[in-house]
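Colleague: Work out the full structure: start from the sequences and follow the hints.
Numbered according to mature numbering (1 follows the signal peptide of the UniProt record, and there is no 0), the sequence shown spans residues -29 to -1, 1 to 378.
Watch out, some of these pointers could steer you wrong.
What the hints assert, rightly or not - In silico BS3-like pairs for lysine-lysine, Cα to Cα no more than 25 Å straight-line: (1) K116 x K219; (2) K264 x K277; (3) K219 x K172; (4) K360 x K378; (5) K116 x K165; (6) K116 x K172; (7) K277 x K219; (8) K165 x K219; (9) K109 x K73; (10) K335 x K378; (11) K274 x K300; (12) K378 x K300; (13) K360 x K335; (14) K109 x K165; (15) K33 x K360; (16) K264 x K219; (17) K378 x K33; (18) K277 x K300; (19) K73 x K116; (20) K109 x K33; (21) K33 x K300.
Simulated from the structure, these hints should not be mistaken for lab results.
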Amino acid sequence: MHAATRTALGAALVAALTVLTLPAASASAGPLAPRTEKLSTGPGGAQADKSSGGPVLSADGKTIAFSSDASNLVAGDTPDTEDVFVRRPGSSALVRVSVPGKQASGPRLSSTGRYLTFTARDADFVYTLHLRDLTTGKTVRLDPKLSDAYRADGPAPISADGRYVALDAHPTDATPAGAGDGGRVYLLDRQTGKTVRISEKPNHWQRSCGVAAISDDGTKVVYQDAYANGPVGGDWSDLYVWDRTTGKRVQADTTHNGAPADYESSGALISGDGTKVTFTSLATNLVPGPPTKGYHAFVRDLKTGKLTRIDGLTPTNTTLAQGISRDGKKALINVVGSGYESALYVRDLTTGSSTLASPNIEGKPTGTVGSVLSADASTVVFGADDEAKFVPGDTNGEWDLFVRQLK
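Modeller: Have a look at this one:
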């Protein structure tokens, strides 16, 4: 199964749980009503013949990238090949981004929407990392020399100006015996060509680190330190924020009283201004008060250290962190009820108000997968199948992507 057809709610959650062309608004036009459109369509609105997923957004929500197995999103595409596709401002047409002879996946966009990183894979399953300048159309390979012959293979979050790239890296056949300690996280400075290792050496051979997100200015990187083989019970996954200006790292999922967390945290995201981190945790003792059950979204203020739990519409709801605005004042959460019904909401962290972000054509809260929020909190992109009925005429039987304009 290709990566675009897989949907994850976060590393810790592997076991849990209107096709139209919108008219351009004139400068004098008032705000448009919230609306949903189908993103993963081909020329003339043709329904995709395979599934799509893994969406990412620019800060203003106008540039969108995703990966898809579909062969009919653009003319001349190759069947049974996964590619990355981009929709740019001012056009409803998709543009394919790939490397000749290779499949492409794992897109990451700079907040400006200019720079795109992605992973290419050849027939021998050798992965390489690439960067496309969407303004000039130039593609370059990112192949920095890393310690112990590690190789960067993505995904690779990138700073707003395209200078700093956070790298996931893994051992190669050339890695010295005993030096390989699972995944590592590095930061590449494309201006100087230098790299620095961000993640510390794991305290256990079975642990591995992976990059999650980078702030707009490239000064902060949030990453996950977890057991390489997945859930093992208890606190098997932790989250850290590394500061490029100081070289120091802080743990994002610490408890209010310094006691060890009783369960894992994952799915970390950082606000564009680098002041807030949101994540999902099963831990019951991160904040004061009675223990909670199930997964909950949290927000850590990196300036004050304050940690806040984001509850659902009722205290018993599961909440999953999906996105955070640039200023850290709004968060996208997936709220799951006791009957496993779910829907997306944008929570105003100042007022506590919630806005439904995934209404179907009848206006009812509807479940989604793989959702993201633009940094200005204007746009949400999510995945769903035909049964969700987000737009009329969705009958292709595949997982599609949808764009919800909130304002």
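Colleague: Next, verify each hint and record whether it holds.
Modeller: Evaluated hints:
1. Under the criterion of a C-alpha separation no larger than 25 Å, the hint pairing K116 with K219 is consistent with the structure, at around 23 Å.
2. Of the supplied pair hints, the one linking K264 and K277 holds, its CA atoms being roughly 21 Å apart against a limit of 25 Å.
3. Taking the CA atoms of K219 and K172, the gap is near 14 Å; set against the 25 Å cutoff, the hint holds.
4. Taken as a hint, the K360 and K378 pair is honoured in the structure, with Cα atoms around 21 Å apart against an allowance of 25 Å.
5. A threshold of 25 Å between alpha carbons decides the hint, and for K116 with K165 the separation of about 9 Å falls inside it, so the pair holds.
6. Distance check on the hinted pair: K116 and K172 sit about 18 Å apart at the alpha-carbon level, within 25 Å; holds.
7. Annotation: proposed proximity of K277 to K219 holds, straight-line Cα distance about 19 Å (limit 25 Å).
8. Between K165 and K219 the alpha-carbon distance is near 18 Å, which keeps this suggested pair within the 25 Å criterion.
9. A distance of roughly 17 Å separates the Cα atoms of K109 and K73; the hinted pair therefore holds under the 25 Å criterion.
10. A C-alpha spacing of about 19 Å is found between K335 and K378, which places the hinted pair at or below 25 Å, so the restraint holds.
11. Between the alpha carbons of K274 and K300 the distance comes to roughly 14 Å, so the proposed pair stays at or under 25 Å and holds.
12. Restraint check for K378 and K300: satisfied, since their Cα atoms lie roughly 16 Å apart, inside the 25 Å limit.
13. About 10 Å separates the Cα atoms of K360 and K335, which keeps this hinted pair within 25 Å; it holds.
14. A distance of roughly 21 Å separates the Cα atoms of K109 and K165; the hinted pair therefore holds under the 25 Å criterion.
15. With a C-alpha separation of about 24 Å, the suggested pair K33 and K360 falls inside the 25 Å cut-off, and the hint holds.
16. Our distance criterion of 25 Å between C-alpha atoms is broken by K264 and K219, whose separation comes to about 33 Å.
17. Restraint check: the Cα-Cα separation between K378 and K33 comes to about 13 Å, which is no more than 25 Å; the hinted pair holds.
18. Restraint check for K277 and K300: satisfied, since their Cα atoms lie roughly 14 Å apart, inside the 25 Å limit.
19. Among the hinted pairs, K73 with K116 is consistent with the structure: their alpha-carbon atoms are about 22 Å apart, no more than 25 Å.
20. In summary, the hint linking K109 to K33 is supported, as the alpha carbons are separated by about 21 Å, within the 25 Å threshold.
21. Between K33 and K300, the direct Cα distance comes to roughly 20 Å. Compliance with the 25 Å bound is thereby established for this hinted pair.
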